[in-house]
Amino acid sequence: MLKRFRISIILLMAAPILSSLAVAQNQPPPAPRHDISGTWEPANGPQDGVQADGVKAMPNDNKPQHQLPYTPYGLQAFKSHHALEGAQAVLPGFFDDPRDKCEPLGFPRMNFYNLRETQILQNEYKVVMLYQYATTWRVIWTDGRELPKIVDGGVAVGGEVKEPRYYGYSVAKWADDTTLVIQTIGMMGEDRVWLDTAGRPISDQLRVEERLHRVDHDHLEWSVTIDDPKIYTKPWVAMDKFPMKLEDPHRDVMEQYCSPAEMERYNKLFGDPSSGPASHAPKQ
Amino acid sequence: MRRKIIPALILAFGIVNFSGPLLAHHGTAAFDTDKKVTLKGTVTEWFWSNPHCLLQFDVKGDNGQVVHWIGETQNPVTMTNGGWSKTSFKVGEEITVALFPVKNGLPLGRIITVVLPDGKMLDALKGTSGVRDYK
Chain P
1 MLKRFRISII LLMAAPILSS LAVAQNQPPP APRHDISGTW EPANGPQDGV QADGVKAMPN
61 DNKPQHQLPY TPYGLQAFKS HHALEGAQAV LPGFFDDPRD KCEPLGFPRM NFYNLRETQI
121 LQNEYKVVML YQYATTWRVI WTDGRELPKI VDGGVAVGGE VKEPRYYGYS VAKWADDTTL
181 VIQTIGMMGE DRVWLDTAGR PISDQLRVEE RLHRVDHDHL EWSVTIDDPK IYTKPWVAMD
241 KFPMKLEDPH RDVMEQYCSP AEMERYNKLF GDPSSGPASH APKQ
Chain H
1 MRRKIIPALI LAFGIVNFSG PLLAHHGTAA FDTDKKVTLK GTVTEWFWSN PHCLLQFDVK
61 GDNGQVVHWI GETQNPVTMT NGGWSKTSFK VGEEITVALF PVKNGLPLGR IITVVLPDGK
121 MLDALKGTSG VRDYK
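Residue numbers (the working numbering), protein chains in the order written: chain P, 1 to 284; chain H, 1 to 135.
The set of hints was computed from the structure by calculation and includes no laboratory data.
These figures come from a predicted structure and were not determined experimentally.
All clues stand as given, with none of them false.
Within a straight-line C-alpha distance of at most 16 Å, the following computed EDC-like cross-link-like pairs (lysine to aspartate or glutamate) qualify:
| # | chain 1 | residue 1 | chain 2 | residue 2 |
| --- | --- | --- | --- | --- |
| 1 | H | Lys86 | P | Glu255 |
| 2 | H | Lys126 | P | Asp48 |
| 3 | P | Lys173 | P | Glu124 |
Here chain H stands alone, though its shape is the one from the complex:
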């Protein structure tokens, strides 16, 4: 009996510990594309990488609390076609980011546009055929 219980416990432990999603690169389902959020923040990192570039920035709320946001864009090839580059942002720059937030409420989203300190706007959908095509 004991021989049967121990493997069963090990299996149950395994299920509990690994039943969380093996999360990874995602489709469009993670985003609330009906909701657009606009944020003013300070760049902390611009990560030019595949499969998606990541823009990290801090947003100070009305209560003075800082929330760290991460916005993703398309891959570097598509972003280059849309006029973006590895040097599009500098750490410490004040930017205004419009994005589609993720559905689970975390400070993450898919970038639509970014307005730079000089007023120039970078369009993340340029070079794509829209949100659906934005993979």
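So here's chain P without its partners, still in its complex pose:
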């Protein structure tokens, strides 16, 4: 009887220790120092990064807390865009999203449109992001070079003026052991690149700050701040600690592309007739 009692006491005492050991075994290892490489996917499911109604933290849904601080020029630029999604969506016949002509999405829209599986590679000189959509990449320099300066017609690198780019010019520094801070300027503005699918604008004065914080070995948080004094009266957060999780390194990421030929066929067979009056039916 006494023996049974002793065993019960020992088991009761050991239970919390065994339980905490089990929890610890399920915890991912800590984040490695200065390393965000890996194949990452949205932690809350593959659709979490689609952001159909606009940027994740500030969707265009008419809620007061999601109103953007437009300058008069910014508001005018927004109104000149005719988006297919969001609270100001126009009828399908009247939208002019460059996406549907298979134009490059550009940056930072690349972070706000179908942000899906994203491969990050890095070495001592640079971090490279390989996006799933449109098989597009960005190079982010970590070799200590300075961020170029915004000048008329593009950016100044040393004494040379270089052209604006769809994906801009990016440099990054480690803010701490597990947080990379990326600064990007020199993007195409206004009509060439939209900020998001809701038609929010950006200009050639845009500065973007991204913070990629590796929370632990398997999880990353991605934040993006928009600072564009020509369009917005103050900086604002477009993506706030968007959660990504690490995938199997052997993962072979599928293509997601925009093909003008497939788009044309889709519109002819389905997009056009489904959007307009019945008289637009395709000939069969």
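Using the hints, position chain H against chain P.
Frame of chain P, contents of chain H only:
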């Protein structure tokens, strides 16, 4: 006077001919998501493409007349996440399709599910968070 009339006529002709919508890739507004239609038909084509995959099939009505339907799904990446593939359908297969029809009454719709000849059901909303998210 004649110089003014001719450009005006050209402009008017242009407006009449191009005032129809420059239709294209659409949002959710085109569909009647309160109405679900179930159709039995024969596959004529499965087009695995971006921005949406298209399933074409013929439906024979009670009067013997065949109506050609086209149903769209999400893009190939999302459909793959939901268990669909480029080889999900074969031409000539008998299928049962549930879809949200377009509002303008044409035989077009957004696919919800497809039941294959062996009874297996493919769910087009799997991998998405529902109709609203289905772009």
